[in-house]
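These are the residues of each chain, in order.
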Amino acid sequence: MEKIRELLTHKNKKTRSMQMTISISFTILSVCCMCLLGVMLYQQFTRKAENLTVENSRQLLNQTTINLEDYLRNMRRISDAMYYTVIKNTDIGSESLEDSMNLLYEANKDKLVSVACYTNDGKLTEASPIATEKPGVDVKSQKWFQDAAGELENFHFSTPHVQNLFDDPSYRYYWVVSLSRTVELTRNGNTMLGVLLVDMNYSSIEQLLEKANTDTSGEYVYLMAPDGEIIYHPKQNLIHMGLYEENNTEAAGYEDTTVKENFHGEKRLVTVKTISYTGWKLISVVPMKSFSMGMTGMRNLVVLLVALTVLAAVMLNQMVSARISKPLRRLNDSVKEWEAGNMNPDIYIGGSMEVEHLGKTLRSTVAQIRQLMDDIVVEQEEKRKSELDALQSQINPHFLYNTLDSIVWMITGERYDDAVFMITQLASLFRISLSKGKTVIKIEDEVKHARNYMNIQKIRYKNSFEVDFQIEEDILDGCIVKLVLQPLLENAIYYGMEFMDGEGEIHVRGYRKDKDVYLEVEDNGLGMPEEEAAELLNGKERPHKHGSGVGLVNVHSRLKLRFGEAYGLVIHSCPDEGMMVQIHIPYIPYTVETQKFLESGKDYSSVSASGKEGSE
Amino acid sequence: MKKNRISGLLFLLVILAVIGYSAHEMVNQGKDEDYISVSVVVNDSSNVRWDAFRSGLEQGAEDNHVHLNLVSTGTFQNAQEEHTIVKRELDGEADGVIVEPYSSEADVILPTESAKPVVLVGTGIETDRLFTSVMTDHGKLGKSLADAVIQGKAVKVGILSGNQSQLGMRQRLKSVKDKLEEAGIEISWILSEKELDKKMRNVEYFAEHPVDTVISLDNDDTEKAVDIILNDDRISWKLYGEGRSEKLIYYLDKGTIQELAVPNEYYMGYQSIVLAAQNIRYYTDKTEQAEVEFYMVSKDNLYDEETNRILFPAVR
Numbered sequence: 000m001e002k003i004r005e006l007l008t009h010k011n012k013k014t015r016s017m018q019m020t021i022s023i024s025f026t027i028l029s030v031c032c033m034c035l036l037g038v039m040l041y042q043q044f045t046r047k048a049e050n051l052t053v054e055n056s057r058q059l060l061n062q063t064t065i066n067l068e069d070y071l072r073n074m075r076r077i078s079d080a081m082y083y084t085v086i087k088n089t090d091i092g093s094e095s096l097e098d099s100m101n102l103l104y105e106a107n108k109d110k111l112v113s114v115a116c117y118t119n120d121g122k123l124t125e126a127s128p129i130a131t132e133k134p135g136v137d138v139k140s141q142k143w144f145q146d147a148a149g150e151l152e153n154f155h156f157s158t159p160h161v162q163n164l165f166d167d168p169s170y171r172y173y174w175v176v177s178l179s180r181t182v183e184l185t186r187n188g189n190t191m192l193g194v195l196l197v198d199m200n201y202s203s204i205e206q207l208l209e210k211a212n213t214d215t216s217g218e219y220v221y222l223m224a225p226d227g228e229i230i231y232h233p234k235q236n237l238i239h240m241g242l243y244e245e246n247n248t249e250a251a252g253y254e255d256t257t258v259k260e261n262f263h264g265e266k267r268l269v270t271v272k273t274i275s276y277t278g279w280k281l282i283s284v285v286p287m288k289s290f291s292m293g294m295t296g297m298r299n300l301v302v303l304l305v306a307l308t309v310l311a312a313v314m315l316n317q318m319v320s321a322r323i324s325k326p327l328r329r330l331n332d333s334v335k336e337w338e339a340g341n342m343n344p345d346i347y348i349g350g351s352m353e354v355e356h357l358g359k360t361l362r363s364t365v366a367q368i369r370q371l372m373d374d375i376v377v378e379q380e381e382k383r384k385s386e387l388d389a390l391q392s393q394i395n396p397h398f399l400y401n402t403l404d405s406i407v408w409m410i411t412g413e414r415y416d417d418a419v420f421m422i423t424q425l426a427s428l429f430r431i432s433l434s435k436g437k438t439v440i441k442i443e444d445e446v447k448h449a450r451n452y453m454n455i456q457k458i459r460y461k462n463s464f465e466v467d468f469q470i471e472e473d474i475l476d477g478c479i480v481k482l483v484l485q486p487l488l489e490n491a492i493y494y495g496m497e498f499m500d501g502e503g504e505i506h507v508r509g510y511r512k513d514k515d516v517y518l519e520v521e522d523n524g525l526g527m528p529e530e531e532a533a534e535l536l537n538g539k540e541r542p543h544k545h546g547s548g549v550g551l552v553n554v555h556s557r558l559k560l561r562f563g564e565a566y567g568l569v570i571h572s573c574p575d576e577g578m579m580v581q582i583h584i585p586y587i588p589y590t591v592e593t594q595k596f597l598e599s600g601k602d603y604s605s606v607s608a609s610g611k612e613g614s615e
Numbered sequence: 000m001k002k003n004r005i006s007g008l009l010f011l012l013v014i015l016a017v018i019g020y021s022a023h024e025m026v027n028q029g030k031d032e033d034y035i036s037v038s039v040v041v042n043d044s045s046n047v048r049w050d051a052f053r054s055g056l057e058q059g060a061e062d063n064h065v066h067l068n069l070v071s072t073g074t075f076q077n078a079q080e081e082h083t084i085v086k087r088e089l090d091g092e093a094d095g096v097i098v099e100p101y102s103s104e105a106d107v108i109l110p111t112e113s114a115k116p117v118v119l120v121g122t123g124i125e126t127d128r129l130f131t132s133v134m135t136d137h138g139k140l141g142k143s144l145a146d147a148v149i150q151g152k153a154v155k156v157g158i159l160s161g162n163q164s165q166l167g168m169r170q171r172l173k174s175v176k177d178k179l180e181e182a183g184i185e186i187s188w189i190l191s192e193k194e195l196d197k198k199m200r201n202v203e204y205f206a207e208h209p210v211d212t213v214i215s216l217d218n219d220d221t222e223k224a225v226d227i228i229l230n231d232d233r234i235s236w237k238l239y240g241e242g243r244s245e246k247l248i249y250y251l252d253k254g255t256i257q258e259l260a261v262p263n264e265y266y267m268g269y270q271s272i273v274l275a276a277q278n279i280r281y282y283t284d285k286t287e288q289a290e291v292e293f294y295m296v297s298k299d300n301l302y303d304e305e306t307n308r309i310l311f312p313a314v315r
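Protein sequences appear in the order of chains A and B. Residue numbers for the first sequence follow numbering that gives the first Met the number 0, so the first one is 0 and each next one is one higher. Residue numbers for the second sequence follow numbering that gives the first Met the number 0, so the first one is 0 and each next one is one higher.
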C-alpha cells in the first residue's frame, strides 16, 4: 500500500510537457469512448444477429413446415384421387384397377415408390408399378395395415421403414413412409373393406429437409413422430449407432414454441412446429455458440473500426496538442533564454489570446526588471563614489592640524623664512589636494604634492632623514588617484624614520613597466616581517601614532576601487632593513575623457581589457 | 521524455498490430483453412458393397471438416497396384490416407518413407509397427458364421475363403476351420478368390465335389456362390456368408442365402475418418484400434428396424 502511495505521489510529482499531457488525456478519452462505442456496437449487433437468427430459423421452420405439409397434402390427394375416382368407381370383380393405378403412379412417380390396394384379409387387389408380391409376406402383420384397419376414417402415416412387399429383381430396397387408409371395395356388386396403401419415397421427405439443413453454423432441423421417434435427422445414422445424441424424447413434450434448453451442457434454442394431420413435429435446433461463431466477422470489423478510429484520434490529438502547446513552448523557450543569462531576450508574443497576453506581460516585466537593475547599478556607483569621497576627506584635518602647529612654532621661534616656505608648500599642497574637486589627477601633480608634503615634513622633523625622488619623465602625464603617495610617505616617516637619528633615507621611485606604472616608497627604517607586512593590507592597521591617520588600507582600497582588483599596493619588508611600498596602477594618459571616465567611478578593468584587446 | 516516447511507440505498435490482425482475420474469413484432405483407397471403389462405407465416410468428412477423396479404383490384381495408388496419394495433396490393404504385407502396401497418417480399414497387415485400424474382429466373425453353419446341421462344408493374402481373410478362415473341426463337420474344399474364379469356369467341379453347405468369407465370393446356385440346378447349397450388397440382401430375402454376417461399414467409414482427422490435426503417433461390430442377418430379422439401419444406411 505504501509502495502504491509512493508510486502515486512520485507520479504526481512527475512533470510532463503540456503537449504530452493534452495528448495523453485526449488519447485516453478517445480510447475509452471508442472502446465503449465498440462494445455497445458489438452488443447491439450481437443482439440483432441473435434475433435475426431466431427469426430466420423460425421462418425456415415455417417454410419447411409449409413444404412438408404441402407434400403430405399431395400424398393425401393422390390417395383421395385413387379412392374416389378409381376404387369407388370400379368393381374389382369384373374390372381391373391396373390402368388407373399405373396412370396415377406414373403421374407422381417422383414422389411415390408404390401404390397398392389390399382387401381386408390382406390379399393384394392391385399394385403399381410392381404387382408381384414377395412370397410369404403377411401384410396384416405390418403396422400400416393394422393402423388403417384400426381407425377406418383416418389417413395413417407410418414412420420410415424399408418396404417389404414386392419382389423387385433389380435388388432395390426403398425407405418409404406409408400412407394407408381403409377403403370400400366393390366386388361383384358387394361392398367390402380394404386398405389403400400409398408408399411415399422417404428420400423426397429427406431432400425437403436437407434443404433446411444446409447451414454450417450448427443450426439444424429434424422431424419426429408425436411419440418422439425420429423420422428424419441429419445425423440419424450416428444417433442410431450411439455416436450422437438428440433430445427428442423431451422435445416430444414441447408445444409449438421456442424453448431454451440445456442438453449435455450445450445451450440451445429449440423451436417446435407441429405438422398438421400427421402430428409430426418439426424441430429447429440453434446452438447458442453458433451466434458467437457467426459474429466473428462482425467482431473483427468492430475491432478494426475501433482501432482505426483510435489511431486517427491519436494522430489528431498529436496535431491538436502540438498546435495548442506550440506558442507556450516558444514562450517557455524565451523564458529559458532569459534564465540562461540573456538579459535582453526576444520574448515570443503570439498564439492564442491568453498566450499572447502572457507574452506581452512577460516582455514588459523583463523590461521593468532590466530598468530596475540599471537603476541599482547607478545607485551602487553613486554609493561607491560617496565612499571614495569620504575616504579622501579623512586626510585633511590631521595633516592641516600638524602643519599649522609647526608653522605656529616657527613663527613663535621667529623663523619667518621657514614659516613662509612652509606656508608656500602648504598652499601648493592644498591647491593640488583640491584640484578643483577632481579625484583623478596627473602623476606629475601627485609627485609635486608628495614633494610639497615631504618639504613640510622635513622642516617639521628638522631634516632628520633624506628624501630623493627618481621619477621617470614618461609617466608624469599618467592618471592617478590623488593623495596616494602622501600616506605612504607619511607611513615611512612615522614608522621608519622616527628612530633613525638622521640616518633615515626615503627613496621615491616612479617608472613604467609594460603598460603599468609603479610608484615606490622605500625606507630604511625598522621594517617588519613579510607576514606582518602582508597583514597591513588586510585591514590590520598599526596603531596610529601621528599623521593624517589614513593608513595603507585606505590607499589600497581607493586604488582598487578606481582601477580594479588587479591593482593596488604591494608591500615588501624585512625586519631591520626597511620597507618598500609599491603603488601599482595602469598607465592611462591623462586627458579630459580619461579623467572623467575614472571620476565616474566606472570599473576601469573592463575598459582596459577591451582596450587591450583593441590594441592587440 | 524518452520513456514517454517509448510508451507512445509501444501504444502505436499495439494499435497497428490490432489493425493488422483484424484486417487479416477479415480477409481470411470464410477460407476453409482448417480443412484437411484425406484420401481413401479401397479395392474396386465403385462396387455397391462400399455404399454404406461411403456414407459413413461422407458423414465423417462433413463432421470433421475433411476434404474427402475416394480414389477411384478398379479390382486390384495384385498388391503393387494398390501400393502405387497409396504412394501417389501420400506424395500428393493428401494429409493422410485410409487404406483397405489388399495384402497383409506392410512393405508391399505402404510406402515406408511417408510420415503421413495411415488408417487401415477392413483388415490389418503383418508388421511390428502399430497402425490405427478400424475393422471387425475377423476371428469372431468367422466363429459366428461357423456357429450358424453348425446350427443349420451341416454335414459337409465347402469354404470360399476370399483373398487369402489379406490377414483378415486368413483369420476368418482359421476361425471357421477351427470351429467346424471342433464340431466334427467335414470340410470338403476350401477355395480362395482366384481358385474360385478358375473353378467357376469348370462348372462340373462343384457337381463333382458336392457339399450341403458353403461358407463364403467375402462379399464378392458370396455373390459368386449365389450365381453358382442360381445357374446350376444340381447345386443346392445352404449358403452362409459375409456381405452386404443389395444383391446378397435380395437373395437372403428370397431364401437363397441362409444367413449373412454384415459388418457395420457405415461405422467403419465414419470412425476411420474421425481417427484419420485426429492423427492429422494433432500430429499424434498414438494409434487406436477401433472394432467394428457385425450383425448376423437372416430372413427372420431382415426387416427389423435395427437391421434396416445397418443394411440400408443410405436412403434411396
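Just so you know, the hints here were simulated from the structure itself, not pulled from any lab data. Incorrect hints may have been included.
As the list claims (entries may be wrong) - Here are the computed lysine-lysine pairs in the DSSO-like style, where the Cα-Cα straight-line distance is at most 27 Å: (1) Lys253(B) with Lys133(A); (2) Lys298(B) with Lys142(A); (3) Lys223(B) with Lys133(A); (4) Lys122(A) with Lys237(B); (5) Lys197(B) with Lys139(A).
Status of the hints after comparison with the structure:
For the suggested pair Lys253(B) and Lys133(A), the alpha carbons sit about 8 Å apart, so the restraint of at most 27 Å is met. For a cut-off of 27 Å, the pair hint linking Lys298(B) to Lys142(A) stands: about 19 Å separates their Cα positions. Under the criterion of a C-alpha separation no larger than 27 Å, the hint pairing Lys223(B) with Lys133(A) is consistent with the structure, at around 23 Å. Between Lys122(A) and Lys237(B) the CA atoms are separated by roughly 31 Å; this puts the pair beyond 27 Å, and the hint is violated.
A threshold of 27 Å between alpha carbons decides the hint, and for Lys197(B) with Lys139(A) the separation of about 47 Å lies outside it, so the pair is violated.
Hint compliance for this structure: hints 4, 5 are broken, all remaining hints hold.
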